[in-house]
Amino acid sequence: MSRLGGRAGVVAFALLAALPAAPWMSKYYLLLAFDALLFGAIAMSLDLLMGYTGLVSFGHAAFYGLGAYATAILLERGVLSLWACVPFAILVVGVYAVVVSYFATARRGIYFALLTLIFAEVVYTFFRYTQTFGGSDGIQGLPDATLWPGVAIDTPVRKYYLVLAYLVVAWVVCRTVVTSHFGRVLVAIRENEDRARFLGYNVQRYKMAACLISALLTGVAGAIYPMRSAFATPDLMLWTESGEFIISVMIGGLGTLVGPVVGGAFFTILRDKVSSVVDWYFIVIGVVLIVIVLFMPRGLLGLRRLLTPHRWRATA
Amino acid sequence: MARDGLILEVEAVCKHFGALAALTRVSLAVEAGQVFSVIGPNGAGKSTLFNVVSGLHEPTAGRVRFAGEDITGLPPEAVNRRGLAKTFQITNVFPEISVLDNVRVAAQSRVAESGRVASLWRRSDVDRVALPLLDAFGLAGRRDELAANLSHGEQRYLEVCLALATEPRLLLLDEPTAGMTPGETRQATALIRAIALERGLTLLLIEHDMSVVMGISDRVAVLHFGEKIAEGTPEQIRSDPGVIEAYLGGADD
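Just so you know, the protein sequences line up as chains A and B, in that order. So in the working numbering, spot 190 of the first sequence is number 190, and the numbers just go up one at a time. So in the working numbering, spot 198 of the second sequence is number 198, and the numbers just go up one at a time.
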């Protein structure tokens with residue numbers, strides 16, 4: 001139980017599950033909550049790479065966007081079942097992720113960031129200019145997906161519970177990884193890649209596996225996004241999207257899993273709130289992020305360290 | 001095949017870095033259970049020899065055989081899996097994780113599910129290996145400390161613990177007492193020797209300080225400018241005119 005977060009985790013999920021019942025809850029807030037949790041879950045998946053393995057991916061938007069297009073292509077053709085869309089997305093993203101992670105981990109250092117970025121830009125360009133997939137408009141006006149025949153995921157509340165269910169699954173996967181022997185090797189690779197090799201570990205294989213798990217989780221997040229938005233556009237794959245995932249991990253706190261969920265949600269809500277007031281919202285967000293990075297180097301979650309002596313840094 | 005009792009055979013190994021010949025036709029034969037030392041002045045090619053044996057560098061020419069199997073050119077992780085572990089001259093541990101987790105990650109490299117998908121949920125008990133090691137090196141009380149917070153001497157011991165946790169048959173020690181005071185050095189070499197004997201390990205040791213190895217070695221080889229200039233028992237080496245020339249005359253070159 002403690003492996004999965006114990007009592008604090010149960011309380012957090014119970015509160016999230018009760019959220020739609022809050023008196024001030026509206027359709028608008030439920031969908032904002034959807035976006036916040038989805039972004040948080042993606043940041044958590046990216047944390048497996050950034051915080052635990054020490055690899056910074058600048059191409060997670062491609063996993064996200066490919067997952068979204070996988071779902072959009074099926075929904076467009078009348079295949080509405082969640083249980084068809086998600087496996088299809090896993091297949092598509094999985095094949096792509098194996099190729100990317102093989103080349104990106106073949107060399108050390110900056111190459112991982114560069115190659116993930118370059119691959120993602122290729123995927124973006126492909127969808128941006130392929131008219132079969134709607135070119136720059138993407139695939140729009142999609143029907144609602146179904147949980148099973150007759151039960152459509154059509155109301156904000158149902159959509160919200162869909163993303164919450166995904167967050168629970170992603171959380172269990174991520175916690176299982178980081179508390180396992182496998183996760184301990186990832187942290188060792190982050191700390192000292194060379195030494196890990198001399199202890200008998202095939203470092204590239206471990207990096208590829210971590211990359212694949214992170215990519216699949218992000219791809220599934222992408223797969224459920226069109227079920228809320230009814231569209232998939234090439235903008236989902238833009239490098240700025242990858243940048244926002246990275247920023248969310250940073251503001252939340254590297255190597256903590258919970259932190260990036262909070263960071264992703266915080267970033268989404270901040271962007272939504274500020275952009276509804278002013279056009280130049282990115283300047284406001286930029287200032288807030290600089291303050292967080294300068295004064296809270298361990299991220300929002302680092303604030304807890306001031307209150308408790310508990311160590312949050314990943315020790316596996 | 002290995003000649004009887006030989007655990008490591010280095011045959012006419014050359015290693016060139018561009019125009020620099022770091023090793024020239026160096027051969028060694030290490031018997032199982034021995035303490036074998038390689039000494040030589042700084043820059044003699046000792047660390048390069050270790051890097052070739054442990055898989056970091058591929059030799060330009062020559063072969064390396066471990067327990068009868070050709071391991072020339074295999075990557076470090078493959079060499080380690082065959083039972084050859086190495087410690088580093090410059091401390092090389094996992095700084096931001098605890099001392100115990102350092103040794104655990106090394107020890108779990110040898111459990112059955114290591115490298116398999118099952119390592120995600122099956123967690124073998126590696127503390128059975130890790131805790132006695134920490135005890136033996138007096139680090140048990142520091143097990144929850146981050147490795148980065150250990151003293152220099154403690155980090156040197158942790159370095160040896162990591163290598164031993166992978167349960168090697170042959171342990172390569174690259175100046176294990178680097179940076180220690182003479183008193184600490186004597187204590188450390190005695191401790192390492194005792195642990196190696198207890199585990200039936202073969203030790204291959206690099207030192208630039210001749211006095212460290214003379215008391216504990218069964219056999220000593222001397223490298224000078226990338227060539228082996230002598231090999232024998234410590235007594236033979238001590239009185240070898242070529243060795244004396246290399247060590248005393250070397251300063252004037």
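Since the hints were derived computationally from the structure, they do not count as laboratory data. Treat each hint with caution, since some may be false.
Computed beta-carbon distance windows for the label pairs [claimed, not checked]:
no. : chain 1 : residue 1 : chain 2 : residue 2 : range
1   : A       : Phe295    : B       : Ala148    : 18 to 26 Å
2   : B       : Leu20     : A       : Tyr111    : 38 to 46 Å
3   : B       : Tyr247    : A       : Leu114    : 33 to 41 Å
4   : B       : Glu167    : A       : Gly109    : 56 to 64 Å
Residues of chain B placed beyond 12 Å of chain A at every Cβ, according to the derived structure [stated by the list, open to error]:
no. : residue
5   : Ser27
6   : Ala32
7   : Glu113
8   : Gly115
9   : Ala118
10  : Ser211
What the simulated footprint calls covered on chain B by chain A, stretch by stretch (three residues with Cβ under 8 Å from a Cβ of chain A suffice, anywhere in the stretch; the number is not a length) [said to hold, decoys possible]:
no. : stretch
11  : 88-96
12  : 176-188
Where a beta carbon is used, it is the ideal one built from N, C-alpha and C, also for glycine.
Hints versus structure:
Distance hint for Phe295 (chain A) and Ala148 (chain B): a CB-CB separation of about 24 Å, consistent with the stated range 18 to 26 Å. About 28 Å separates the C-beta atoms of Leu20 (chain B) and Tyr111 (chain A), a value inconsistent with the hinted range of 38 to 46 Å. As the Cβ distance of Tyr247 (chain B) to Leu114 (chain A) is approximately 49 Å, the hint placing it in 33 to 41 Å is violated. Our hint of 56 to 64 Å for Glu167 (chain B) and Gly109 (chain A) is violated, since their Cβ atoms are close to 32 Å apart.
Taking the minimum C-beta to C-beta distance to chain A, about 24 Å, the non-interface status of Ser27 (chain B) holds against the 12 Å cut. With a minimum CB-CB distance of about 21 Å to chain A, Ala32 (chain B) clears the 12 Å threshold, and the non-interface call stands. Separation of Glu113 (chain B) from chain A is inadequate, the least Cβ-Cβ distance of about 7 Å not exceeding the 12 Å criterion. For Gly115 (chain B), the condition that its CB be more than 12 Å from all CB atoms of chain A is violated, with the nearest at approximately 7 Å.
With a least CB separation of 9 Å from chain A, Ala118 (chain B) falls inside the 12 Å interface cut-off, contrary to its annotation. Even its closest Cβ contact with chain A, about 28 Å, leaves Ser211 (chain B) beyond 12 Å, as expected for a residue assigned away from the interface. Counting residues of the stretch 88-96 of chain B whose CB falls under 8 Å from any CB of chain A gives 6; the rule of at least 3 is met. For a cut-off of 8 Å, the count of residues in the stretch 176-188 of chain B with a CB near a CB of chain A stands at 0, and the three-residue condition is violated.
Consistency note: the structure conflicts with the earlier hints numbered 2, 3, 4, 7, 8, 9, 12.
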